[in-house]
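All chains should be built: construct the whole structure from the sequences, respecting the hints.
For reference, each letter of the sequence shown is one residue, going 1 to 466 in the numbering used here.
Just so you know, not all the hints are guaranteed correct.
Think about it this way: if two alpha-carbon atoms lie no more than 25 angstroms apart in a straight line, the pair counts; the simulated SDA-like pairs of lysine to any residue are [stated by the list, open to error]:
(1) Lys375 with Ser267
(2) Lys55 with Met75
(3) Lys104 with Asn12
(4) Lys375 with Ala358
(5) Lys304 with Thr276
(6) Lys375 with Glu414
(7) Lys304 with Ser260
(8) Lys375 with Gln464
(9) Lys375 with Ala439
(10) Lys375 with Asn401
(11) Lys375 with Ala265
(12) Lys91 with Thr6
(13) Lys55 with Arg72
(14) Lys375 with Ser305
(15) Lys375 with Ala324
(16) Lys91 with Ala111
Keep in mind the hints are simulated off the structure, nothing from the lab. Bear in mind that the values here come from a model prediction, so they are computed numbers and not experimental data.
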Amino acid sequence: GSSSSTLSIQNNVLVGQVDWRGNATGNPGELACGHYAYNSSAVLSYSGNAFWNVKSGQCPSGSVCSDPRLTRTAMADFDATPLEGSPLVDKAPYLSAITNDFFKNPRPSGAAADIGAVERQSGGGTPTPSCSRNAPSLALGGSTAAVAAGSTVSYTVTLSNQDSSACASTTFNLARSVPSGWTGTLGKSTLTLAPGASASTTLSVVSPASATQGGYGVGVGIGSANGSIHTRNASTTYNVAAPAATCTRAAPSFSLSGPSGGVAAGSTVRYTLNVTNRDSSACTSTSFNLARSVPGGWTGTLSKSTATLAPGASTSATLDVTSAATAGAGTYSIGAGTGSPVGGIHTANASASYAVQAPQPPPAGELEQSLSTDKGTYRRGDTVRMTSRVLLDGQAAGGANVSFVVTNPYGASETYTATANANGQATASGTLSRWWWWAPSGTYTVRATASRGSVSTTDETTFQVR
Numbered sequence: 001g002s003s004s005s006t007l008s009i010q011n012n013v014l015v016g017q018v019d020w021r022g023n024a025t026g027n028p029g030e031l032a033c034g035h036y037a038y039n040s041s042a043v044l045s046y047s048g049n050a051f052w053n054v055k056s057g058q059c060p061s062g063s064v065c066s067d068p069r070l071t072r073t074a075m076a077d078f079d080a081t082p083l084e085g086s087p088l089v090d091k092a093p094y095l096s097a098i099t100n101d102f103f104k105n106p107r108p109s110g111a112a113a114d115i116g117a118v119e120r121q122s123g124g125g126t127p128t129p130s131c132s133r134n135a136p137s138l139a140l141g142g143s144t145a146a147v148a149a150g151s152t153v154s155y156t157v158t159l160s161n162q163d164s165s166a167c168a169s170t171t172f173n174l175a176r177s178v179p180s181g182w183t184g185t186l187g188k189s190t191l192t193l194a195p196g197a198s199a200s201t202t203l204s205v206v207s208p209a210s211a212t213q214g215g216y217g218v219g220v221g222i223g224s225a226n227g228s229i230h231t232r233n234a235s236t237t238y239n240v241a242a243p244a245a246t247c248t249r250a251a252p253s254f255s256l257s258g259p260s261g262g263v264a265a266g267s268t269v270r271y272t273l274n275v276t277n278r279d280s281s282a283c284t285s286t287s288f289n290l291a292r293s294v295p296g297g298w299t300g301t302l303s304k305s306t307a308t309l310a311p312g313a314s315t316s317a318t319l320d321v322t323s324a325a326t327a328g329a330g331t332y333s334i335g336a337g338t339g340s341p342v343g344g345i346h347t348a349n350a351s352a353s354y355a356v357q358a359p360q361p362p363p364a365g366e367l368e369q370s371l372s373t374d375k376g377t378y379r380r381g382d383t384v385r386m387t388s389r390v391l392l393d394g395q396a397a398g399g400a401n402v403s404f405v406v407t408n409p410y411g412a413s414e415t416y417t418a419t420a421n422a423n424g425q426a427t428a429s430g431t432l433s434r435w436w437w438w439a440p441s442g443t444y445t446v447r448a449t450a451s452r453g454s455v456s457t458t459d460e461t462t463f464q465v466r
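The structure is reproduced here in structure tokens:
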């Protein structure tokens with residue numbers, strides 16, 4: 001405080017002890033200070049105090065600074081009752097407001113009060129202390145982190161008996177409080193404690209698996225035969241976490257679509273497959289297998305055979321279907337399906353139609369041509385044999401000139417020519433390059449133009465290079 005402040009120190013017995021360093025090997029430690037003022041200019045006054053065995057032999061004016069002759073000065077069983085012949089007896093200044101000592105015995109008990117908290121009673125001996133019941137200390141501790149419904153959380157119940165030292169030990173009864181439908185188990189239902197003693201037990205709380213997300217109060221209470229002074233409660237919060245998301249598998253969305261108009265036998269028609277993963281968001285990505293179904297002797301080529309999709313994601317693929325050149329007029333079923341290692345829930349199918357139109361006879365006096373290749377699929381280095389059958393009014397058109405134009409997937413083309421024989425058949429051959437840049441993979445188009453005299457006709461077909 002400031003220099004205008006005053007501090008009066010009265011009626012204290014200060015007995016010094018060696019500090020904690022005295023326990024270290026080779027270190028004698030240091031005596032405790034009797035008084036110490038830091039950064040203060042307040043005026044201090046001392047009266048009716050006793051200083052003994054303190055650092056630097058501190059002895060403020062008006063103090064007793066000789067052995068106070070207390071009953072016991074060891075920290076383990078300290079007893080501040082003055083012995084007969086103590087210099088503290090009858091030496092305290094008069095304090096009208098203090099009529100009882102620490103043990104609630106009369107003060108003074110002689111010509112004057114004794115210095116310190118314990119009054120030596122007339123006739124000598126240690127006064128009989130009285131019991132003072134006090135509210136106990138109760139705490140309930142544990143984690144408040146959110147846990148899954150149905151989890152067990154263990155809390156620690158800590159109880160301290162705050163009764164005065166003159167009281168007998170007390171048996172405290174423990175009870176717990178948890179929400180309806182929950183279970184709470186105490187490690188002990190009673191704790192018996194001496195004054196000043198503490199003890200702990202556990203409270204294990206289990207929520208039901210159906211508990212919803214949120215905070216729930218759990219508590220513990222104590223009481224004893226000594227009445228309401230020993231009644232106390234403590235509480236904490238048990239937090240239930242939101243339920244973890246679960247994976248729910250679902251049938252994928254799957255469709256197959258394509259043109260509805262009829263085409264000539266041997267034509268290639270492109271269809272589109274669409275697939276959507278409809279699993280819940282908690283599921284991992286799934287690899288869907290794709291498959292196709294076409295009539296015997298036909299070819300069906302998928303642009304991809306698998307598709308890996310996250311939940312909610314979609315993809316598409318193409319299916320190119322080429323009918324047999326000999327296919328009769330009619331409607332044919334084209335199918336596609338999908339599945340995954342997850343099982344039957346991921347199996348789906350779809351279908352579409354491929355219509356082959358009946359060949360139309362040419363008008364009288366006009367040429368008719370049918371074009372084909374010896375195979376539907378070739379490899380680089382293979383020879384492609386192209387044949388055109390030319391008719392005039394239904395009869396073989398021998399001598400007709402036929403021009404074959406072969407166009408690759410990049411648009412580059414080569415032209416071959418031939419003349420129809422007596423059967424109206426014209427044949428030309430071309431060898432595919434062994435190099436991919438000259439013979440890329442994909443669909444090739446053959447366009448044949450047949451002419452005889454002033455009439456001509458054109459036909460197309462396709463083949464694949466792998």
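Original post:
Given the proposed pairing of Lys304 with Ser260, does the C-alpha separation stay at or below 25 angstroms?
Top reply: Status holds; Cα separation ~23 angstroms.
Original post:
Does Lys375 pair with Asn401 here, judged by a C-alpha cut-off of 25 angstroms?
Top reply: 23 angstroms, holds
Original post:
Are Lys375 and Ser267 close enough, with their CA atoms no more than 25 angstroms apart?
Top reply: 14 angstroms, holds
Original post:
Does the structure keep Lys375 and Ala324 at a Cα separation of 25 angstroms or less?
Top reply: 11 angstroms, holds
Subject >> Lys375 paired with Ala439 [C-alpha distance capped at 25 angstroms] >> reply: Holds - the C-alpha atoms of Ala439 and Lys375 are around 16 angstroms apart, at most 25 angstroms.
Original post:
Holds or violated: are the alpha carbons of Lys91 and Thr6 at most 25 angstroms from each other?
Top reply: It holds: about 23 angstroms lies between the C-alpha atoms, which stays within 25 angstroms.
**OP:** Sort out whether Met75 lies within 25 angstroms of Lys55, counting only the CA atoms.
**Re:** Given that 25 angstroms is the threshold and the Cα spacing comes to 18 angstroms, the pair holds.
**OP:** Verify the proposed pairing of Lys55 with Arg72, using a straight-line Cα cut of 25 angstroms.
**Re:** 20 angstroms, holds
Original post:
Does Asn12 lie within 25 angstroms of Lys104 when you go C-alpha to C-alpha?
Top reply: 17 angstroms, holds
Subject >> Lys375 paired with Ala358 [C-alpha distance capped at 25 angstroms] >> reply: It holds: about 22 angstroms lies between the C-alpha atoms, which stays within 25 angstroms.
Original post:
Lys375 and Ala265: Cα distance at most 25 angstroms?
Top reply: 15 angstroms, holds
Original post:
Are the Cα positions of Lys91 and Ala111 separated by 25 angstroms at most?
Top reply: 9 angstroms, holds
Hint violations for this structure: none, all hints satisfied.
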